[in-house]
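Use the sequences and the hints to build the structure in full.
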Amino acid sequence: MPTDPGHDPTTDAGTSGAQPRVRFEDVRKKFGRTTVLEDLNFTVERGERVTLIGPSGSGKTTILRLLMTLEKLTGGYIWVDGDPLTHDRRDGKRVELRAKQVAEVRKRIGMVFQQFNLFPNMSVVQNITEAPVHVLGQTPDQARDHALDLLDKVGLRHRADAHPMELSGGQQQRVAIARALAMDPEILLLDEVTSALDPELVGDVLAVLKDVAASTDITMLIVTHEMQFARDVSDRVMMFDGGRVLEEAPPEEIFSNPRHERTQKFLEAVV
Amino acid sequence: MFETELFLEALPILVVAFLKVTLVVTVASSLLAAVLGLVWAIALRELPGPLARPLAFVLDFIRMTPLPVHLLVIYYAFTGLSPMTVGILVFGVHYSTYMAESYRAGIESIRKGQWEAAKALSLPQSRTWRAVILPQAVRNTLPSLGNWAIAMFKDTPFLIFISVPEMVTRAREFGGQNFSYIEAMSLAGLLFLLASYPTAVLMQKLEKKLAY
Amino acid sequence: MVEFLTDLGTALPRLLAEGLRDTLLSFLGGAVLMVLVAVVLGVSMHQGSRWLRVVARVVVEFFRGTSLVVQLFFLFYVLPSLTGMDSLGGTWTAILALGLNYGAYGAEVVRGSLNAVPAGQWETATALSMPWQTKMRRVIWPQAWALMLPGFNNLMVMLVKGTAVVGLVLLNDLTFESEQVRREVGTWPAFLAALLIYFVIAWSVSLVLRRLEARAQRRLGLGDFEVRKARQDADQVMAGAAAPGGSTGTR
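Residue numbers (our numbering), protein chains in the order written: chain L, 1 to 271; chain Y, 272 to 483; chain H, 484 to 734.
Please note: incorrect hints may appear among the correct ones.
What follows is a set of in silico ranges between Cβ atoms, one per label pair, in the way DEER data are often shown [claimed, not checked]:
id	chain 1	residue 1	chain 2	residue 2	range
1	Y	Gln407	L	His260	30 to 36 Å
2	L	Glu261	Y	Glu379	50 to 56 Å
3	H	Leu535	L	Asp26	51 to 57 Å
4	H	Leu535	Y	Glu280	35 to 41 Å
5	Y	Glu379	H	Gly531	33 to 39 Å
6	Y	Ala388	L	His225	51 to 57 Å
7	L	Glu200	H	Val515	22 to 28 Å
8	H	Trp534	Y	Asp331	42 to 48 Å
List time: in silico DSS-like cross-link candidates among lysine-lysine, alpha-carbon distance up to 25 Å [unchecked claim]:
id	chain 1	residue 1	chain 2	residue 2
9	H	Lys712	Y	Lys476
10	L	Lys100	L	Lys153
11	Y	Lys480	H	Lys712
12	Y	Lys390	H	Lys712
13	H	Lys712	Y	Lys291
Since the hints were made in silico from the structure, they are not lab data. Note that beta-carbon positions come from the ideal geometry of N, C-alpha and C, so glycine has one too.
Given below as structure tokens:
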């Protein structure tokens with residue numbers, strides 16, 4: 001059952017009509033000769049929380065990285081609110097967009113990484129204000145106020161002026177979450193955000209994310225091995241294998257009653 | 272402007288100078304530097320502090336001062352030596368101070384466990400160096416030594432300071448005699464590039480190959 | 484011994500008065516040009532479009548591969564006839580040759596340092612929608628800078644030593660003057676005086692760069708591992724053909 005009924009994606013269609021928030025259309029991705037994704041099609045609705053699960057190498061992380069434009073599409077299209085992300089179709093032809101156009105759409109998307117990736121040359125609060133000031137053009141004061149609010153939310157306001165290296169992994173990851181939220185993204189990508197953490201630090205990070213999920217209507221794509229977390233926050237779980245969607249269903253359904261044998265095996269292995 | 276005839280005329284002169292001087296000095300000095308460098312590296316580790324510290328200072332001093340001046344001082348101070356010998360000695364000693372650093376890094380990269388294992392077997396110190404440490408260290412150090420040899424090769428025109436007729440000296444002479452420098456100088460640069468670039472690529476390959 | 488010291492005492496002020504100027508001029512001019520060339524070529528090799536990368540790589544390999552003295556003579560003897568213009572004069576020739584030659588080595592230091600900034604840093608800057616200039620100026624460069632200082636330190640010392648060739652294009656530098664002074668005070672005092680001055684210059688330059696290095700690394704809170712890696716790469720600055728790598732990196 002979804003944690004927040006106010007987020008039923010079917011009633012949350014937003015302004016631009018029927019366009020889904022994210023649409024992958026015939027997406028192909030190869031690394032060298034290895035095909036990671038083959039003719040992948042799926043959509044994510046506004047406000048929806050989708051968790052991608054599957055064995056490693058099944059292409060889950062690649063999907064997030066493609067959406068963040070960290071990898072180049074080999075074929076197909078990605079649409080965000082109906083706008084092309086990196087490639088557009090014009091007169092039936094596939095055209096690569098200019099960097100400027102890509103940048104405009106990319107601003108709607110934020111990402112939190114497995115390895116936190118805080119900037120070591122900046123304090124905690126500077127990490128958070130950097131992009132709002134230099135990308136969105138907020139005033140430093142504005143950005144700082146917002147950053148402190150966000151730090152409050154992740155329980156780290158008292159470490160605002162600390163150096164990232166002085167923080168524990170869990171604290172660093174919470175700062176990274178605040179940093180992504182400071183850009184007011186419409187879509188948030190969470191790439192195995194607890195995988196690099198010691199077990200005792202995982203809880204705090206997940207609590208912060210649950211809070212974000214409950215208090216905002218940000219669309220989320222989540223790659224995680226924390227099945228309880230997936231159950232708690234997702235509206236839908238997609239099981240990947242070999243670059244294809246094996247099955248998808250609401251979490252309670254897929255976890256209690258997987259249709260595919262491979263899904264069953266995978267869930268037995270990780271839970 | 273660029274006269275092919277002069278270029279072809281310069282070719283044998285420069286190639287001969289290249290083979291008879293540049294190459295000879297590079298090879299002889301590299302060998303000398305490789306041996307001396309190893310001696311310095313071991314001495315710095317094994318000598319007691321009061322001896323090691325002055326040695327370290329002398330090596331630093333040589334490394335941080337210009338090679339042309341070293342050439343001049345030895346050239347004038349030991350008039351009995353042929354300029355070519357002075358060149359080989361000075362290049363060898365100068366670059367041995369760099370190679371000592373390479374050896375040091377190679378020796379330091381060997382895990383402490385190797386020294387301890389040798390001690391646990393009661394191997395004498397000299398045997399530990401010869402049978403355990405050096406074979407591993409030299410392997411790690413080889414590409415770096417090769418790179419210093421290439422650097423030395425490109426420094427051989429410094430021999431002009433003590434009038435050894437190496438390639439660039441010859442090129443300048445040739446240019447002066449024919450009132451046109453472009454042919455001989457281009458050729459000298461080309462020969463340097465042709466010799467150093469493939470060697471450098473080779474060293475890089477060697478480094479990758481020895482890396483594991 | 485006393486006589487030796489007196490001779491040294493005669494040689495030192497003479498060299499300082501007559502040779503120091505051209506040596507320092509060549510060094511300072513060469514250093515400025517070196518850093519400029521290193522940054523432009525290094526960033527081009529790492530961030531440029533495919534053809535720009537190729538061009539930068541060719542320029543770097545050309546200047547690293549053809550030997551400083553050849554370049555010096557080429558600029559001095561060949562360039563005027565090639566362009567039909569007057570000679571650049573000894574000072575500019577020296578600065579140009581030193582800056583281009585050592586700058587080519589420096590380009591490899593810059594490229595290697597950019598490459599050593601972890602891929603996650605580049606990706607996060609992209610994920611925060613930073614334009615290239617912002618990404619470079621605010622996130623990547625401050626980190627790469629700390630990693631390139633050890634390499635630049637070694638190159639600066641090389642450059643100080645490299646200035647000893649400028650006498651070949653008729654500058655009256657320390658090396659040239661020490662040969663003159665030798666006639667009065669003898670071989671050892673004359674050259675030892677020159678070596679001492681060179682050593683002090685190189686040592687001071689190195690000291691300044693080590694200070695900068697310590698400051699930059701403290702600011703980043705760099706771990707021992709990164710610092711040691713940067714130092715190791717720095718010892719290979721003179722290595723040929725694209726030597727110091729760095730583990731990961733994307734564009």
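Checked hints:
Gln407 (chain Y) and His260 (chain L) have their C-beta atoms about 52 Å apart, which leaves the hinted 30 to 36 Å range violated. At about 54 Å, the beta-carbon gap between Glu261 (chain L) and Glu379 (chain Y) stays in the expected band of 50 to 56 Å. A beta carbon spacing of about 33 Å between Leu535 (chain H) and Asp26 (chain L) contradicts the range 51 to 57 Å that was offered as a hint. The supplied range of 35 to 41 Å is met by Leu535 (chain H) and Glu280 (chain Y), whose beta-carbon atoms lie about 39 Å from each other.
Hint check: Glu379 (chain Y) to Gly531 (chain H), Cβ distance near 37 Å, so the stated range 33 to 39 Å holds. Between Ala388 (chain Y) and His225 (chain L), the C-beta spacing of about 41 Å breaks the proposed range 51 to 57 Å. Checked against the given bound of 22 to 28 Å, the beta carbons of Glu200 (chain L) and Val515 (chain H), roughly 53 Å apart, lie outside it. Roughly 44 Å separates the CB atoms of Trp534 (chain H) and Asp331 (chain Y), a value that falls within the hinted 42 to 48 Å.
Distance hint between Lys712 (chain H) and Lys476 (chain Y) is fulfilled; the C-alpha atoms sit about 20 Å from each other, no more than 25 Å. With a C-alpha separation of about 33 Å, the suggested pairing of Lys100 (chain L) with Lys153 (chain L) is violated against the 25 Å cut-off. For the hint pairing Lys480 (chain Y) with Lys712 (chain H), the CA-to-CA distance comes to about 19 Å; that is within 25 Å, so the pair holds. At most 25 Å may separate the alpha-carbon atoms for a hinted pair to count; Lys390 (chain Y) and Lys712 (chain H) exceed this at roughly 29 Å.
For the hint linking Lys712 (chain H) to Lys291 (chain Y), the alpha-carbon distance of about 40 Å lies beyond 25 Å, and the restraint is violated.
Figure legend: structure checked against the earlier numbered hints; hints not met, in rising order: 1, 3, 6, 7, 10, 12, 13.
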